[in-house]
Each structure stands twice: as structure tokens, then as C-alpha cells.
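Student: Chains S and P supply the protein sequences, listed in that same order.
Just so it is clear: in the first sequence, position 23 is 23 by the numbering used here, and no numbers are missing.
Just so it is clear: in the second sequence, position 28 is 28 by the numbering used here, and no numbers are missing.
Calculated from the structure, these hints are not laboratory results.
Any given hint could turn out to be false.
[To be verified] Below, a list of computed lysine to any residue pairs in the SDA-like style, where the Cα atoms sit at most 20 Å apart:
hint	chain 1	residue 1	chain 2	residue 2
1	P	LYS90	S	PRO3
2	S	LYS92	P	LEU5
3	P	LYS90	S	THR2
4	P	LYS126	P	SER86
5	S	LYS92	P	ASP3
6	S	LYS114	P	ASP3
7	S	LYS114	P	THR156
8	S	LYS92	P	GLY13
9	P	LYS90	S	GLN6
10	S	LYS92	P	GLN8
11	S	LYS92	P	PHE4
12	P	LYS130	P	TYR74
13	S	LYS92	P	PRO15
14	S	LYS92	P	ASN11
15	P	LYS126	P	GLN45
16	P	LYS126	P	THR156
17	S	LYS114	P	GLN157
18	S	LYS114	P	GLN45
19	S	LYS92	P	LYS130
20	S	LYS92	P	ILE16
[Stated by the list, open to error] To give an idea of the chain S side of the interface with chain P (calculated C-beta under 8 Å), a few residues:
hint	residue
21	LEU13
22	VAL18
23	PHE28
24	THR70
25	GLU91
Note that the structure is a prediction, hence the values are computed from the model and not measured.
We put the beta carbon where it would ideally sit given N, CA and C, even for glycine.
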Amino acid sequence: MTPSRQRTLVWGLILIGVVFVGFFGLRFFRAFRDFRGHHPPPFPPEDAQPAETDVELIRDWMTIGFVSHTYRTPPNLLYKALGVPPRGNEEKSLQQLNDEFFPKQPGYVLETVKAAIRENQSPPTAVSPATAIPPAKVTAPP
Amino acid sequence: MSDFLLTQVINYGAPILGIIVLIGALGVPFPGTFIVVAAGAFSRQDILTWHTTGLIALTCVVLGDSLSYAMGFYARERILRRFQGSTQWKQAETSFNRWGGTSIFLTRFLITGLAVPVNLIAGTSKFPFKLFFLYDLFGETIWIFGYGGLGYLFGTQWEAVSELLSTISGLLLGLVILAVGGVLTIRLSRTGAAHIRRARQSSNQ
Numbered sequence: 001m002t003p004s005r006q007r008t009l010v011w012g013l014i015l016i017g018v019v020f021v022g023f024f025g026l027r028f029f030r031a032f033r034d035f036r037g038h039h040p041p042p043f044p045p046e047d048a049q050p051a052e053t054d055v056e057l058i059r060d061w062m063t064i065g066f067v068s069h070t071y072r073t074p075p076n077l078l079y080k081a082l083g084v085p086p087r088g089n090e091e092k093s094l095q096q097l098n099d100e101f102f103p104k105q106p107g108y109v110l111e112t113v114k115a116a117i118r119e120n121q122s123p124p125t126a127v128s129p130a131t132a133i134p135p136a137k138v139t140a141p142p
Numbered sequence: 001m002s003d004f005l006l007t008q009v010i011n012y013g014a015p016i017l018g019i020i021v022l023i024g025a026l027g028v029p030f031p032g033t034f035i036v037v038a039a040g041a042f043s044r045q046d047i048l049t050w051h052t053t054g055l056i057a058l059t060c061v062v063l064g065d066s067l068s069y070a071m072g073f074y075a076r077e078r079i080l081r082r083f084q085g086s087t088q089w090k091q092a093e094t095s096f097n098r099w100g101g102t103s104i105f106l107t108r109f110l111i112t113g114l115a116v117p118v119n120l121i122a123g124t125s126k127f128p129f130k131l132f133f134l135y136d137l138f139g140e141t142i143w144i145f146g147y148g149g150l151g152y153l154f155g156t157q158w159e160a161v162s163e164l165l166s167t168i169s170g171l172l173l174g175l176v177i178l179a180v181g182g183v184l185t186i187r188l189s190r191t192g193a194a195h196i197r198r199a200r201q202s203s204n205q
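Extracted from the complex, chain S is given alone in its bound form (with noise of 0.2 Å):
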């Protein structure tokens, strides 16, 4: 190989480390932005795992399956507000259904989905107001 021809490839090299380092860097940033708020999750005793509540973590590749199970929401009910028939479609995902079912109206499966299981979750449970604790009584000594 020719020196010019070697420095050519060096030099291909080094620009191609520099726009990877550039499209990285600021896609790590963003991403150790974002990253920075999330704490994990605490763990529950045994055989008491929580369901997630918050429905903006359903996404297109879950199936009706693995959301009713996360959310701890009866599948049939899902299916019913999609009007889907459960059989044939346990293992298809959420776009899935959408592409065959609903082709016209891009995310429907997904806002309906959430929306079930909005209402299917039990209403916040209030709080009762910090009550006074009575002095413990103290008894003297016979």
C-alpha cells in the first residue's frame, strides 16, 4: 500500500471515530439527561408485585397479554373494548392489532388500551389526616 493511500485510510479512520464520537456524545447526553430522574423501583415482599399504574409506558410491541398482565387488568376486558375476538390474536402486538383491525386509524389500539385500563384502576385512595397519638399512660409502680 502507498503512503498516500495509507494516510487517505487514516484519515478516513479518524473521521469516521469523530462523527461516531459527535452522534454518541449527544445521544449520551440526552440519554443520561433523561436517565438522571429514574430511581429503581423499590422491591415488594414476596408475592406482593405491585401493578404499574402508569399507562404512558404502554407501548406498540406489547401484546394484550403481557399489558394485562403488567397492569393486573382482566385481558377479556381489553379485547372487549378493542372488539377484538381474544382467539388468534393472544401473541399479536398492540400495532399488530391496529395494522389488521383498525388500519384507518393509526394508534387507536394503543389510546383505547390505555384508556381501559384508566378506568379499570381503582381511584386514589385518600389519605386520612395525621391524628394526634394519645401520651402513652404511665402507670407507677406497685
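Based on these hints, arrange chain P on the given structure of chain S.
Tutor: Okay, now just chain P, sitting in the frame of chain S:
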């Protein structure tokens, strides 16, 4: 692609995860880290069992790495015919034998974009397979159980973790390419300077 793979993992569980990481180890550009972190989160949600899934994924990824090592090993003759006797090839082989273990280990989980090329180079340069296997096993254990563990820890927030890990890996890959480019530039300039010095000396004589 990622969405399709995620749907398959929640439908078919550990076997499909094993197939994904195996094919990824053979060079098909699958989003491996993304899927491994997701699998960790699915384990927390009781969709997958973490120990069985982890062991199946580890076995498959080590098998895939060994196969790509074998591809390099059996392509050796053809490559040697092309570069036989060249000093650059000998230099590359010597430096891989010196730094091979570290590069195999680090490319399993930190600079995953270079994992397949490193497997091929290891096979081509006849890096001892037993050593390759050990470094590979340690590195992939960190990838599967460490990254999967992060997914498990963060549960439904796994997407943020996965995005961060993927960008770190891409950033490191860029820095490695820049470093290699820098080292080669220095080498080239030294060789050029030596040539000029030699030419001057001969003209003076």
C-alpha cells in the same frame, strides 16, 4: 426490528432470546444490549425466569462467539494467502496475542460493536481457543447478568437504562476508532520522518 424482537421475547421467552443473541454474535446487527436489558425487566415482571433465561442466553451467546471464532480460524488460510509475509500482518498478529484477552473481555459488554471483528481476528490469528473461551465467558456473563440485572433492578423503567448503555457503548467505539486513528497517524509520521532522514543521509554520502 427492536419492537418485533421484543414482541417475540414476551411471546416465546428464553429460547427466542437465545436465538437472538446467538445470531447477533454471528454478526447480524441485532440490538442485543436493548433486548438483554428488556429481558431483565421481564424477569422482574415474572414474564421470564431470570436464572433459566440467563443461562440459556449465556450458552447461546458463547456458542455464537465460538462459531464466529471458528469462521476466522477456517478463513485463516485464505487471508494468509493474501497477506502472507507482510510486516503489517505480523505486527497485527503479535499485538493481538499481547492484547487479545483484554480486547475479547471488553468487547463482550463495553464496546459490543467490535465483538464480531475481534472474534474473527482471534480465530484468524490463532489466539488459543481455551483462553478465548474463558475471556468470552467472563465478558458475556457480565453482559447477560450485569446488564440483565440492571433491567431487573429498574423494572418498567428499563428503556432509559438501555438507551444510556447503548450510547455509552457507541461513544466508546468512537473513542477507540479515534485512538487507533491517532496511533496510526503517529506511526505514519514517524515512518515518513525516518524515510526523509535516510534519503538525506544517502544524498549527503
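Student: Hint by hint, note whether the structure agrees.
Tutor: Hints, verified against the model:
no.	hint	in the structure
1	LYS90(P) with PRO3(S)	holds, 19 Å
2	LYS92(S) with LEU5(P)	holds, 12 Å
3	LYS90(P) with THR2(S)	holds, 18 Å
4	LYS126(P) with SER86(P)	holds, 17 Å
5	LYS92(S) with ASP3(P)	holds, 12 Å
6	LYS114(S) with ASP3(P)	holds, 18 Å
7	LYS114(S) with THR156(P)	holds, 16 Å
8	LYS92(S) with GLY13(P)	holds, 15 Å
9	LYS90(P) with GLN6(S)	holds, 17 Å
10	LYS92(S) with GLN8(P)	holds, 9 Å
11	LYS92(S) with PHE4(P)	holds, 10 Å
12	LYS130(P) with TYR74(P)	holds, 17 Å
13	LYS92(S) with PRO15(P)	holds, 18 Å
14	LYS92(S) with ASN11(P)	holds, 9 Å
15	LYS126(P) with GLN45(P)	violated, 44 Å
16	LYS126(P) with THR156(P)	violated, 44 Å
17	LYS114(S) with GLN157(P)	holds, 17 Å
18	LYS114(S) with GLN45(P)	holds, 19 Å
19	LYS92(S) with LYS130(P)	violated, 43 Å
20	LYS92(S) with ILE16(P)	holds, 16 Å
21	LEU13	holds, 4 Å
22	VAL18	holds, 7 Å
23	PHE28	holds, 4 Å
24	THR70	holds, 6 Å
25	GLU91	holds, 5 Å
Violated hints, in rising order: 15, 16, 19; the structure is consistent with all others.
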